[in-house]
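Novice: In the order they appear, the protein sequences are chains A and B. Each residue of the first sequence is one higher than the one before, starting from 594 at the first, in this note's numbering. Each residue of the second sequence is one higher than the one before, starting from 473 at the first, in this note's numbering.
I should point out that these hints are in silico values taken from the structure, not numbers from a laboratory. Note that this is a predicted model, so its numbers are computed, not measured. All residues carry an ideal CB built from backbone N, CA and C; glycine is no exception. Among the hints, a few may not be true.
Stretch by stretch, here's where chain A covers chain B in the computed footprint (C-beta under 8 Å, at least three residues) [unchecked claim]:
| id | region |
| --- | --- |
| 1 | 492-506 |
| 2 | 662-676 |
| 3 | 845-852 |
If you want a taste of the chain B side facing chain A, the calculated C-beta under 10 Å gives, among others [claimed, not checked]:
| id | residue |
| --- | --- |
| 4 | 577 |
| 5 | 579 |
| 6 | 590 |
| 7 | 597 |
| 8 | 612 |
| 9 | 738 |
| 10 | 757 |
| 11 | 764 |
| 12 | 836 |
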Amino acid sequence: MSAQPTTPQVDNDSMEDRLYTVKYSDPGDSHLDVKVPDVCTQCDTYDCVRVCPANVWRESEDGVPHIAYENCLECSSCRYACSHDNVVWTYPETGAGVTYKHG
Amino acid sequence: MTPELDGDAVADPNYDDEFDAIVVGAGLAGSAAALTMANRGLEVLLIERGSSPGAKNVFGGVCYTPTIRELTDFDGAPLERYVAERRFSMLSRNDETAVSISPGEWHEAPHNDSYTVLRGEFDEWFAEQAVEAGTTLVTSTTVTGLVRKNGRIVGVETDRPDGTIRAPYVVLAEGGNSLVSEGADLKATETRENVAVGVKEVLEFPGRDEVIEDRFRLTDDAGVSYHYFGEGAVGDAFGGGFIYTNDDTVSIGVAYRIEDAVAADQSPEATLNAFKSHPAVAPLVRDARTVEYSAKTIPEGGAESIPDLVHDGAAIVGDAAGLVLNNGVHLEGTNMAVESGYHAGNAIARAADQGRVGAKALQAYPDALERSFVVQNLERYAWMMDAVEADRDLLFEDLPRAFADAGTEYFRMDRTPKEAHAENAKRAVLDAVGGWTGAAKLALRYRKVVT
């Protein structure tokens, strides 16, 4: 007997594959934005990027996060995470955005 | 009428001034309010922004049903499994120390009113109960704001053409991400100390029969609720992990405060991956396929964060009102959502009967909620968030490790007398809590969790 049983390998999907599991309908325009871009350029914590479970918020060269809104799972964590209250969050309209089958 | 015209007519009927009450959001709180009001003879419009009720909704996994069962015929409800075992588990990096409870009574209907469900199906069913009682449901319609007249809320704005819909009463059941209530200054935006981010996967096990029954020791419709705490669950964050068994899938996830998530060196997704790879968790979920990945925020501010529940012409219910209980042992929201929707619906029905509007006319709702288990429970544990935050390293890191060490020492098999093992085990725990004095203080501080 081995002293340490091996922990079975758990294979996790990539973020891309995980997001593919959720039905998504593109509203056409981003339902997310930043209020004042200058606030982002002076922000050095990127809390929006750190909290996002779907890789929507991404650091970019000019300091204003790139928003891949089509990844959004509509959890709204970025709204609360931003310590500068600089996130614009609106509901995607006419049924667009994510549709969870299970939830 | 031609079919094409029929379609248009269904898509955009004129609902303005046609209803006694409008409910924003067809989740559990909203459908409970709609059902309650429809049962009392009101004309109710239930507006859902998703393409169907539940389409935008995520939760951990257990629906607590004492109120739902009173409100409607529960026989057709799409339940996954009843909760036959609750397990509370402390994880250090490589160890697990757990307590499991599975009373025989839970096997008997109504199974302690605790069932795993999937919200897509369940919320659609519950909204359908409201519709069968006479509620009009519109989906794929987003409420974008409230309509006011002389300060009074008299309706909602929607994203539909000519989307203003007026009605004497509005129930805001829009969930924790309550943009309409906040936009109308009915409540403040919650701080990130009081909101958790949760990520979850629904897993299936392709090509493996009975795998859930075998791994979780289940027969028939029995299921489990496993809660995990400690650094093996969510690192040094304030939160935990969970596993719930559905009929033929497993829900697994983590939830922890956004305040900690932004300070952590890993994303919520990476935290979930680490939890799934813990030696005590991986054997339960190996060889699975991800059916769905989801995320949500959870309002955890407790009693102190409940906003004013009634305004002139409107009531706030469910997650939008912050009605979630998380005291470490109990994680409840569904029951409180339904209870709040029920009381709000009742208050509005009574006001409508009397032809009264205004916040005072709806005061019966907060009064009833305060007398109910909802506010009673939240107030009972109001002290806890601060206490847990203050003791966070102890509770989530030191104690799980100490209990694992104590277990290791207590059951050590060697040629030393057991007296020495017991002494070592005792010392492991006492060292972590600061001796007997520390242990006594800790017990005193948290006595209300169990007693």
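Novice: Confirm or reject each hint.
Specialist: These are the hints, each one checked on the structure:
no.: 1; hint: 492-506; verdict: violated (count 0)
no.: 2; hint: 662-676; verdict: holds (count 9)
no.: 3; hint: 845-852; verdict: violated (count 0)
no.: 4; hint: 577; verdict: 29 Å, violated
no.: 5; hint: 579; verdict: 26 Å, violated
no.: 6; hint: 590; verdict: 4 Å, holds
no.: 7; hint: 597; verdict: 13 Å, violated
no.: 8; hint: 612; verdict: 3 Å, holds
no.: 9; hint: 738; verdict: 9 Å, holds
no.: 10; hint: 757; verdict: 6 Å, holds
no.: 11; hint: 764; verdict: 5 Å, holds
no.: 12; hint: 836; verdict: 30 Å, violated
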